[in-house]
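> Sequence:
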Amino acid sequence: MEEELTVDQLAAKVGMTVRNVRAYAGRGLIAPPRLVGRTGYYGPDHVARLTLVRELLDKGYTLAAVERMMSELPDGELALGVFETLVNPWNPAEPEELDELQLAERAGVPHDPAVIARIVELGIAERLPDGRLRIPNPDLLRTGLEVIKLGVPMQAIFEMLPKLFAQADAVAKTYVELFRSTVWRDFTKAGMPADGWPEIQRTLEGIIPLAGQALVAAFREAMAREIEQVAYEELGLTPGNLPSTG
191 MEEELTVDQL
201 AAKVGMTVRN
211 VRAYAGRGLI
221 APPRLVGRTG
231 YYGPDHVARL
241 TLVRELLDKG
251 YTLAAVERMM
261 SELPDGELAL
271 GVFETLVNPW
281 NPAEPEELDE
291 LQLAERAGVP
301 HDPAVIARIV
311 ELGIAERLPD
321 GRLRIPNPDL
331 LRTGLEVIKL
341 GVPMQAIFEM
351 LPKLFAQADA
361 VAKTYVELFR
371 STVWRDFTKA
381 GMPADGWPEI
391 QRTLEGIIPL
401 AGQALVAAFR
411 EAMAREIEQV
421 AYEELGLTPG
431 NLPSTG
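FYI, this note's numbering numbers position 22 of the sequence shown as 212, with every residue one higher than the one before it.
Some clues are possibly wrong.
What the hints assert, rightly or not - Quick list of in silico lysine-lysine cross-link-like pairs, DSSO-like style, CA-CA up to 30 Å:
#1 Lys-249 <-> Lys-353
#2 Lys-249 <-> Lys-203
#3 Lys-249 <-> Lys-363
#4 Lys-353 <-> Lys-363
#5 Lys-249 <-> Lys-379
#6 Lys-363 <-> Lys-379
#7 Lys-339 <-> Lys-353
Derived by calculation from the structure, the hints in this document are not laboratory data.
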């Protein structure tokens, strides 16, 4: 038989209080338990759904929004699998924690509280209660530091980043709308059948990395065109007069 838990064991397993578990059950976010006398027993489906509730709330969704989403998702493991695919598409590097002096040393620049404040404002770092910094996306920070080491002024990077974030958001929206207007729309028109959820998850798992590969390929081509054009302008040459690199 599948493992069954009492309400206390369930709460401990999903990292909630018993009071919250009962409150969410009262709102219909999980199915009623299997009763044996006056004791309720909960199974893997309850664990999966409550884990999903906790994950959504931790992401900043309101309880009302969670209720709406949960009413449209399948039960248990399927819902959790689809959600994890959506929020963790590339298994990003684990967040890092360091203090201000360590960050300045890594960047190779003097410590400047104004610079730290700007980094926090841009969302590259988050201030922890103990004063240290949490870096949610170490890869982004690492890339920025490498650009600084190449000689690009830090202020120029700060001015460029909001534009970069906006462009990344636009590309992401393009791909999400592509999925939404095709695969997802067909799935919802079919009544969101339970046996169709695994295929939805497989599609998401495939389309996310492919979108990244397509973006990189398009970016390389666009970057080559822009560099060539700027070279013509800066050197005062026409394309036919540019020295050959071959």
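> Decide, hint by hint, whether the structure agrees.
Hints and how they fare:
Among the hinted pairs, Lys-249 with Lys-353 is consistent with the structure: their alpha-carbon atoms are about 24 Å apart, no more than 30 Å. Note on Lys-249 and Lys-203: the hinted pairing holds, with a Cα-Cα distance of about 19 Å set against a maximum of 30 Å. For the hint linking Lys-249 to Lys-363, the alpha-carbon distance of about 19 Å falls within 30 Å, and the restraint holds. Taken as a hint, the Lys-353 and Lys-363 pair is honoured in the structure, with Cα atoms around 15 Å apart against an allowance of 30 Å.
Between Lys-249 and Lys-379 the CA atoms are separated by roughly 29 Å; this keeps the pair inside 30 Å, and the hint holds. For the hint pairing Lys-363 with Lys-379, the CA-to-CA distance comes to about 22 Å; that is within 30 Å, so the pair holds. This hinted pair checks out: Lys-339 and Lys-353 have alpha carbons roughly 21 Å apart, not beyond 30 Å.
Checked against the numbered hints listed earlier, the structure breaks none of them; every hint is satisfied.
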